[in-house]
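Enquirer: The primary structure of each chain is shown beneath.
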Amino acid sequence: MKEPASHANPPVDGSELIRFDHVTKRFGSNTVLDGLDFSVDAGKHVTLIGPSGSGKTTILRLLMTLVKPDEGTITVAGDQLFPASEKQVREVRKKIGMVFQQFNLFPNMKVLRNITEAPVTVLGMSKDEAEQRARELLDLVGLADRCDAYPTQLSGGQQQRVAIARALAMRPQVLLLDEVTSALDPELVAGVLDVLRDIARTTDITMLCVTHEMNFARDISDQVLMFDSGHVIETGPPEKIFGDPEHERTREFLGAVL
Amino acid sequence: MTSGLWELVLQGIWVTVQLLVLSALVATAVSFVVGVARTHRLWIVRFLAGFYTEVFRGTSALIMIFWVFFVLPPAFGWQLVPMWAGTLALGLTYGAYGAEIVRGALGAVDPAQREGGIALSFTPWQRMRLILLPQAVPEMIPPFSNLLVELLKGTALVSVMGMGDLAFSGNLVRLALQESAEIYTYILLIYFVIAFLLTRVMRGLERQLKAGVGKAPRKTGTPPRRAPEGADAVKVGGGA
Amino acid sequence: MQWDWGAVADFMPHFWDGLLVTLQALALGSVISFVLGLVWALLMRAPSRFVRWPVGAVTEFIRNTPLLVQLFFLFYVLPEWNITFSALTTGVVAIGLHYSTYTMQVYRAGIEAVPVGQWEAATALNLPPRRTWTAVILPQAVRRVVPALGNYVIAMLKDTPMLMAITVLDMLGEARLFAQQNFQFTEPLTVIGVAFILISYLASVLLRALERRLVR
Numbered sequence: 003m004k005e006p007a008s009h010a011n012p013p014v015d016g017s018e019l020i021r022f023d024h025v026t027k028r029f030g031s032n033t034v035l036d037g038l039d040f041s042v043d044a045g046k047h048v049t050l051i052g053p054s055g056s057g058k059t060t061i062l063r064l065l066m067t068l069v070k071p072d073e074g075t076i077t078v079a080g081d082q083l084f085p086a087s088e089k090q091v092r093e094v095r096k097k098i099g100m101v102f103q104q105f106n107l108f109p110n111m112k113v114l115r116n117i118t119e120a121p122v123t124v125l126g127m128s129k130d131e132a133e134q135r136a137r138e139l140l141d142l143v144g145l146a147d148r149c150d151a152y153p154t155q156l157s158g159g160q161q162q163r164v165a166i167a168r169a170l171a172m173r174p175q176v177l178l179l180d181e182v183t184s185a186l187d188p189e190l191v192a193g194v195l196d197v198l199r200d201i202a203r204t205t206d207i208t209m210l211c212v213t214h215e216m217n218f219a220r221d222i223s224d225q226v227l228m229f230d231s232g233h234v235i236e237t238g239p240p241e242k243i244f245g246d247p248e249h250e251r252t253r254e255f256l257g258a259v260l
Numbered sequence: 017m018t019s020g021l022w023e024l025v026l027q028g029i030w031v032t033v034q035l036l037v038l039s040a041l042v043a044t045a046v047s048f049v050v051g052v053a054r055t056h057r058l059w060i061v062r063f064l065a066g067f068y069t070e071v072f073r074g075t076s077a078l079i080m081i082f083w084v085f086f087v088l089p090p091a092f093g094w095q096l097v098p099m100w101a102g103t104l105a106l107g108l109t110y111g112a113y114g115a116e117i118v119r120g121a122l123g124a125v126d127p128a129q130r131e132g133g134i135a136l137s138f139t140p141w142q143r144m145r146l147i148l149l150p151q152a153v154p155e156m157i158p159p160f161s162n163l164l165v166e167l168l169k170g171t172a173l174v175s176v177m178g179m180g181d182l183a184f185s186g187n188l189v190r191l192a193l194q195e196s197a198e199i200y201t202y203i204l205l206i207y208f209v210i211a212f213l214l215t216r217v218m219r220g221l222e223r224q225l226k227a228g229v230g231k232a233p234r235k236t237g238t239p240p241r242r243a244p245e246g247a248d249a250v251k252v253g254g255g256a
Numbered sequence: 091m092q093w094d095w096g097a098v099a100d101f102m103p104h105f106w107d108g109l110l111v112t113l114q115a116l117a118l119g120s121v122i123s124f125v126l127g128l129v130w131a132l133l134m135r136a137p138s139r140f141v142r143w144p145v146g147a148v149t150e151f152i153r154n155t156p157l158l159v160q161l162f163f164l165f166y167v168l169p170e171w172n173i174t175f176s177a178l179t180t181g182v183v184a185i186g187l188h189y190s191t192y193t194m195q196v197y198r199a200g201i202e203a204v205p206v207g208q209w210e211a212a213t214a215l216n217l218p219p220r221r222t223w224t225a226v227i228l229p230q231a232v233r234r235v236v237p238a239l240g241n242y243v244i245a246m247l248k249d250t251p252m253l254m255a256i257t258v259l260d261m262l263g264e265a266r267l268f269a270q271q272n273f274q275f276t277e278p279l280t281v282i283g284v285a286f287i288l289i290s291y292l293a294s295v296l297l298r299a300l301e302r303r304l305v306r
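Residue numbers (the numbering used here), protein chains in the order written: chain A, 3 to 260; chain B, 17 to 256; chain C, 91 to 306.
Since the hints were made in silico from the structure, they are not lab data.
Each hint should be verified, as a subset may be incorrect.
Okay, derived cross-link-like pairs now, DSBU-like style, lysine-lysine, Cα gap no bigger than 35 Å in a straight line [unchecked claim]:
(1) A/70 with A/96
(2) A/242 with B/226
(3) A/46 with A/70
(4) A/242 with A/96
(5) A/96 with A/112
(6) A/96 with B/226
(7) A/46 with A/112
(8) A/129 with B/226
(9) A/129 with A/112
Beyond 12 Å from chain A on every Cβ pair, some chain B residues (computed) [to be verified]:
(10) 17
(11) 25
(12) 27
(13) 53
(14) 63
(15) 67
(16) 95
(17) 138
(18) 148
(19) 158
(20) 194
(21) 213
Derived CB-CB ranges, DEER-like [said to hold, decoys possible]:
(22) B/209 with A/55: 16 to 24 Å
(23) A/131 with B/93: 54 to 62 Å
(24) B/34 with A/86: 46 to 54 Å
(25) C/300 with A/248: 43 to 51 Å
(26) B/17 with C/141: 46 to 54 Å
(27) B/59 with A/39: 33 to 41 Å
(28) C/270 with B/93: 17 to 25 Å
(29) B/127 with A/86: 17 to 25 Å
Think of the CB as a built atom: it goes at the ideal place given N, C-alpha and C, for glycine as much as any other residue.
Bound-form chain A, shown alone (with noise of 0.2 Å):
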């Protein structure tokens, strides 16, 4: 049995954790992210902010390992992740925990399960335990009695609380959050904000957000990053960004949405 990484070696608030250097996407001739560089310090909550299409979500994912860069490298907690063989990706996939706009959550198995089988076939926990964690973590987002219904029998807004009980799960040191309220009905997104903030504000968790919720953003994040044409254009305290932004395009962007 193999306990996670995160209990190993927990990493000291305020070090680097994650950082990107030089990365360039290109999706045929449409480039996403030109020479990306920035960095994530442990524990800290950074949002993304930045019109659609400007390559906020392809850091998430190039982050969790489902597309790869052109160029340039990405490291967490030191460990670099390309190149890198199968093997080493997976262990530093397990410092990552990621919740989808489309929740993801796995139709065939029922909520607890949804929940406790990464733990138990990943990590190698026991059934028990990890049954015991999934039930904490249901009881933390507030569907301690949905144990046994199917993903399918949920509504979005519980569908989404679920995947984040799930990635939680994993015990990651961070937690990617991919526009986690997009796809949900106006009504159900405050639960799920409300969940998250929780988790901003008792946990330790290394958070980074791609989000729509200007509000939210504001209220849980110790760094707004403005993302513009595959660049950061602009970087700060949310009380910053959101009150004196330098960058005209910022402003222009925050006129639209807020």
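Keeping the supplied structure of chain A fixed, place chains B and C upon it in accordance with the hints.
Expert: For chains B and C alone, kept in the frame of chain A given last:
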């Protein structure tokens, strides 16, 4: 028709059923091994599996049967008993069609499911076993049901080799009675009844499997899924 | 394992004879199945269920029973009813009939895929039913059905060896005859096996090309 002749027909039914069950088992094994291999990340595995499918779908089931009966024994020095020769020929041929069903159904699983699996650090084989196959298998049942009926029809081909299956018993009775219309009508009816029963069983199986993956009540939130490619790509076996 | 190129050379003239018969059977069988399948599909849209029901039952029966036994039926029963065809004709009729029960499903799907608005527009223009079918519905349906029909032609090709069972000298028939006369099974059977794989592979490549053209 005398009772002695009916006994011939009954024996024929028994041989047909045995052959059907055995070759269906072989074909299922081949379908899953080759179908899953076609999604493998190594190109050589994908290529070999694709080559197998093209070759065995390209050839005719009857020629396969001739080959297994006449070419294999002198070439490799072993003679298969007719039941196993028939099972092998039918299983390998129809398995190639089944592999296309498996591949199609796997391809129709929402790609986001794969990403969900990656994000939880599953290995490729864990993703296949825990996520993709459980979702794809219920979708495979309707095309597999069609393929099973095609396989049943294909079992008649072994009668050409003199194996005493249902079609062969029809020929024997025709020779005994010197009358064809009645016996062949009966034989066709018996095949039809078997096919009907098979379809029924498969439909029950499908219902059970779909209930097992929480498919029954569909609610909002999940994007609609494409029908598996296999559904229409798969005719209908080579030898009907 | 011994391989005798001499036997291959001896077999080749018979091979070409057999190929010709196979292709003839395939061409004629295809034509019958295309036409008859359309007839079934149109009858299945008849207003009266006294038409739809028997057509549905008969075609379901034919589709779910072995072509080989149907071949025997026609080959041995028709003469008893004083209808005499050559073996090849009997075989072509049986194949065409059998596959018409598949092509009818293709036509049905093609017809159903034509948008309802097309029917409504035809009604709005007061087109008579005949014109609606021939000028509006069928031309649109054909485009959708060609690839699927092509798949059935390839499937039919692979069923033509069954004609051997009713004495037709198609490729397999020729191979078997040659094998029995010369006691050489390996070469003729392998030659026709490879030929089938090549022909059906070429046919599927052609079909995919055709499909791409039609999709545009």
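Enquirer: The structure should be examined with respect to each hint, and the outcome stated for every one.
Expert: The hints, checked one at a time:
1. A/70 with A/96: This hinted pair holds, its Cα atoms lying about 17 Å apart.
2. A/242 with B/226: violated, 53 Å
3. A/46 with A/70: Judged against 35 Å, a Cα distance of about 25 Å means the pair holds.
4. A/242 with A/96: Holds. Residue 242 of chain A to residue 96 of chain A sits at ~34 Å (cutoff 35 Å).
5. A/96 with A/112: With Cα atoms ~23 Å apart, residue 96 of chain A and residue 112 of chain A stay inside 35 Å; holds.
6. A/96 with B/226: holds, 32 Å
7. A/46 with A/112: holds, 33 Å
8. A/129 with B/226: Holds, at roughly 26 Å.
9. A/129 with A/112: Status holds; Cα separation ~15 Å.
10. 17: Residue 17 of chain B clear of chain A: closest Cβ-Cβ about 51 Å, beyond 12 Å.
11. 25: holds, 44 Å
12. 27: holds, 43 Å
13. 53: holds, 18 Å
14. 63: holds, 20 Å
15. 67: holds, 25 Å
16. 95: holds, 45 Å
17. 138: It is violated; residue 138 of chain B is separated from chain A by about 6 Å at its closest Cβ, not greater than 12 Å.
18. 148: violated, 9 Å
19. 158: Label holds. Min Cβ-Cβ 18 Å, cutoff 12 Å.
20. 194: holds, 58 Å
21. 213: holds, 29 Å
22. B/209 with A/55: 16 to 24 Å: Because 60 Å falls outside the window, the suggested range is violated.
23. A/131 with B/93: 54 to 62 Å: 58 Å Cβ-Cβ, so the 54 to 62 Å window holds.
24. B/34 with A/86: 46 to 54 Å: holds, 53 Å
25. C/300 with A/248: 43 to 51 Å: violated, 60 Å
26. B/17 with C/141: 46 to 54 Å: violated, 34 Å
27. B/59 with A/39: 33 to 41 Å: Cβ of residue 59 of chain B to Cβ of residue 39 of chain A: about 35 Å, so the range 33 to 41 Å holds.
28. C/270 with B/93: 17 to 25 Å: Roughly 22 Å apart at Cβ, these two residues keep to the hinted range, so it holds.
29. B/127 with A/86: 17 to 25 Å: holds, 23 Å
Checked against the numbered hints above, the structure breaks hints 2, 17, 18, 22, 25 and 26 and satisfies the rest.
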